[in-house]
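Residue numbers (the working numbering), protein chains in the order written: chain A, 1 to 189; chain B, 1 to 459; chain C, 1 to 244.
Worth double-checking, as some hints may not be accurate.
[Unchecked claim] Ranges of calculated distance between the beta carbons of each label pair, as one might list FRET restraints:
(1) THR42/B / LYS54/A: 30 to 36 Å
(2) GLU300/B / GLN98/C: 23 to 29 Å
(3) SER230/C / VAL458/B: 20 to 26 Å
(4) THR171/C / GLN182/B: 27 to 33 Å
(5) ASN128/B / LEU51/A: 49 to 55 Å
(6) SER44/A / ASN178/B: 28 to 34 Å
(7) ARG227/C / ASP194/B: 41 to 47 Å
[Stated by the list, open to error] Footprint (simulated), chain C over chain B, 3 or more residues, beta carbon under 8 Å:
(8) 84-93
(9) 360-371
No wet-lab data here; the hints were simulated from the structure.
C-beta: ideal position from N, C-alpha, C; glycine also.
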Amino acid sequence: MSSRAEILAAVRKNQPSSPAPLPDTQKFWHEVDDVYAQFNIILSGIGGKVLEIKNWEAGQEYLKEHFNGRIVSTLEGFEPLPESDPHALADVELCVLQAQFAVAENGAIWITNSALRQRAAAFIPQHLAVLLKKSDIVPTMHHAYARIGSADYDFGVFIAGPSKTADIEQSLVLGAHGPRTMTVLVLNE
Amino acid sequence: MTKTLAQHPDLADRFNRDENRVDWHDQTLWWVRQKRDRAAHTLETDWEALRQAASDIKDNVLANLADYLEQFERAAQANGAIVHWATDAAEHNRIVLGLLQSVGATRMIKSKSMLTEECDLNDFLAQNGIEVIDTDLGERIIQLAEEGPSHIVMPCIHKKKEEISDLFHEHLGTEAGNADPQYLTEAARGHLRDKFLTRKAALTGVNFAIAETGEFVVCTNEGNADMGAHLADIHIACMGMEKIIPQRAHLGVFLRLLARSATGQPITTYSSHFRRPAAGKALHIVIVDNGRSRQLGREEFRNSLKCIRCGACMNTCPVYRRSGGHSYHNAVGGPIGAILAPNLDMHQFADLPYASTLCGSCSNVCPVKINIHEQLYLWRQELTRSGHATQGKKAAMGLAAWVLSNPRIYRLAGKMGRWAMRNLPFSINNRFNPWYKQRELPAPPKASFREWYLKNRVK
Amino acid sequence: MKVGLFIPCYVDQFYPQVGIATLELLEKLGCEVGFPLQQTCCGQPMANSGFSHLSSGCDENFVQNFRDFDYIVGPSGSCVLHIKEHLHSQAAPAEADQMRLRVYELCEFLIDVLKVATLSARFPQRVGLHQSCHGQRGLFLSSMSERMEPGFSKPGQLLGMVQDLDLVELTRGDECCGFGGTFSVMEEAVSVKMGKDRLADHLKNQVEVITGADMSCLMHLEGILRRQNSPVKIKHIAEILNAN
């Protein structure tokens, strides 16, 4: 018998026969008065930076002013993020991406491979900046997954703030392996 | 021949020889518990209902696990992943080695996976000529120190920064005596970035595997799982088979609970959903049983398979905080480890269900409502039934039961005992009595309550 | 209302004053209290040590002693919880199941059954309340810090009725003291360290008396206090609620 068959047989034999219905999670769907305010407070509290911008030109200007070195992006105004070997991103200072939406309760932004172009793009740069439309903030993770629905992505990630660790005596250090900062540019349109 | 095994009481006693360190360890973990409390309070009205929902989803998973595993496999294969099945740790290790050999990899980077700790993968791969670099900072630290993790979320929580500084000075060439966490983390970042960029094989754990979509989710704060997986040519994801959840939407429940319970964060920095391999790369998923199907068949203990490895039970456990993770002599320590380990080896881990006062704090912080302290009680019964109690203990318990079941004998024994305590105190207050080592015994009264009652109330 | 007074073995042997205070308090509150003379132990020492199959003698004895009472009340949350969760009888199974519903820890009996709202007690001291785990998390005598639930404390409520009593707030309000039955000797090092840390919290808050609803935890804490030659006293909550 293959290991697969052996395992499945053992599981079938031993799993309980109780019906165990799945719970209704609708009761957790609370609306929030000001999702942007909550998103801003939470993300700032976990080390991210939130900045409202008038338009994308203002956003580009801000980033060019505050970051030196190689900047790549899927958005206009910067060196296009290359699609080839991810190792070629090793020297990127800042990567600028467009978030699909964000979550107020935990400050996370959601992005999938189509908007990433290159999976490593969100992780390997020294700094990360994300463009987010103000109308694209949902209150909770339940809303988030409803919004994702059955979307057909290859890879998707929630990102909440800069890469961090507290493995040394619980002292929080930003910039563990990934981006040292995360800036979310919120476009009010 | 029975092996001489280090037991929790001895290891805990050793840990307690440095009381300042115990205080430090206790306070560090209590601080994490307090962060968890604050995070849970932000969802105050929903928290308990969320725990119930998570528990209900896991009940559904356990009742339908075989179907969900097959559904997950079909979906994962359709996504282009290759699925492997391992009945035990040895098979898991052989599969991983085989995959590495098939692509000619002799070096691998690995993000945190308690499963691979459970399987002793690193040692096995090292014996077979594979160099493994752990990339979670805490894991890398204990790897350099040649130790195992003492906590499932914070693997090197037992280490002081000065010790880490010494390790890094020796292995990474950092300045001697510089114990600034920022500086040390920066050094590790540089050291590991080079590994990420040069390794062709990456192994990660799995936090949740979605039956419906065949995708799996890996949660980290450091981003090390993603750095490894996206830069390597082959990504091997190893999962205990209980990691399955039915639907993508259920992540809404679990991701709300996981990080808040673990570290008090609203969510981990990265919650990465791996569905298909990137173009030109390979994605392998290894599904591991290693005793889980056996635990599933133990009605009293199957709930332990609901665990999402948040570590909240460790942070809250007053015994864990004062005995250290290594005192559990198992990859997973603390209360959850104490109910998982005996399933793996009753003889080796017969001491662990006793490393608890049954205070119940663990069961009440658990985000999936595992009745941990009740299972600790039940494991004690099971261990006795299965012949893992010592002869001395059996005799003592038999005697106690006889005395306490017979009112006359109980009263006589009580009277004699109190007399002895008053008149021959040295017979009880001596170094062979563990109670007396750091505590006084109660001052024995001349009359018991019953004797007082007979004298004062019964005419 | 006929109340059967359940005095756990170690209270009977070592702390008769706790039994006396419990008896007097219940009588003051109008209960008709009986003390079955052949009672011994709830069986918990064997059961918690993995020998629950040896506790049947204690179980049968308990059933025989307490079958004639409307309520069974004891001054020890841990022993009461053990009866509530584990009392079984071969001889009278249905009766044992029924008894499990009638057994109460003293504080919960006063609050939930007698609905006590005032007490005549006076205790002019600074008091720290030790929340024993089995009473708190097992019998729900108090809300627990792990759960997101409205705060309540039945022992705290009762102490609040005592004149001139100054109840202090602890830093860690509901951490285990480390007694744990045989844990106290099998895991001596951790047990004592847990007890010392609990005491340090009380001492830091300048308590004069430490109280609680479970004498076993208090016995452990008292043992450490006495070894440290501390002037802080231990009193079971029944002694305070019965104080004049």
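- When you take the CB atoms of SER230/C and VAL458/B, is the distance between them in 20 to 26 Å? violated (38 Å)
- Does 28 to 34 Å hold as the CB distance between SER44/A and ASN178/B, or does it fail? holds (30 Å)
- Assessment of proposed distance window 27 to 33 Å (beta carbons of THR171/C, GLN182/B): Holds - the Cβ-Cβ distance for THR171/C and GLN182/B, about 30 Å, lies within 27 to 33 Å.
- Query: If you check the beta carbons of ASN128/B and LEU51/A, does the distance land in 49 to 55 Å?
  - Reply: With Cβ atoms ~51 Å apart, the hint holds.
- Task: Examine the stretch 84-93 of chain B: at least three residues should have C-beta closer than 8 Å to a C-beta of chain C.
- Result: violated (count 0)
- Message: Range first: 30 to 36 Å. Now tell me if the beta carbons of THR42/B and LYS54/A are that far apart.
- Response: holds (32 Å)
- Query: Are GLU300/B and GLN98/C spaced within 23 to 29 Å by their CB atoms?
  - Reply: holds (25 Å)
- Query: Are at least 3 residues of the stretch 360-371 of chain B within less than 8 Å of chain C when you compare beta carbons?
  - Reply: Coverage by chain C holds for the stretch 360-371 of chain B (5 residues, Cβ < 8 Å).
- Item | Distance restraint hint 41 to 47 Å, applied to the beta-carbon atoms of ARG227/C and ASP194/B | violated (56 Å)
When held up to the earlier numbered hints, the structure conflicts with 3, 7 and 8 and fits the remainder.
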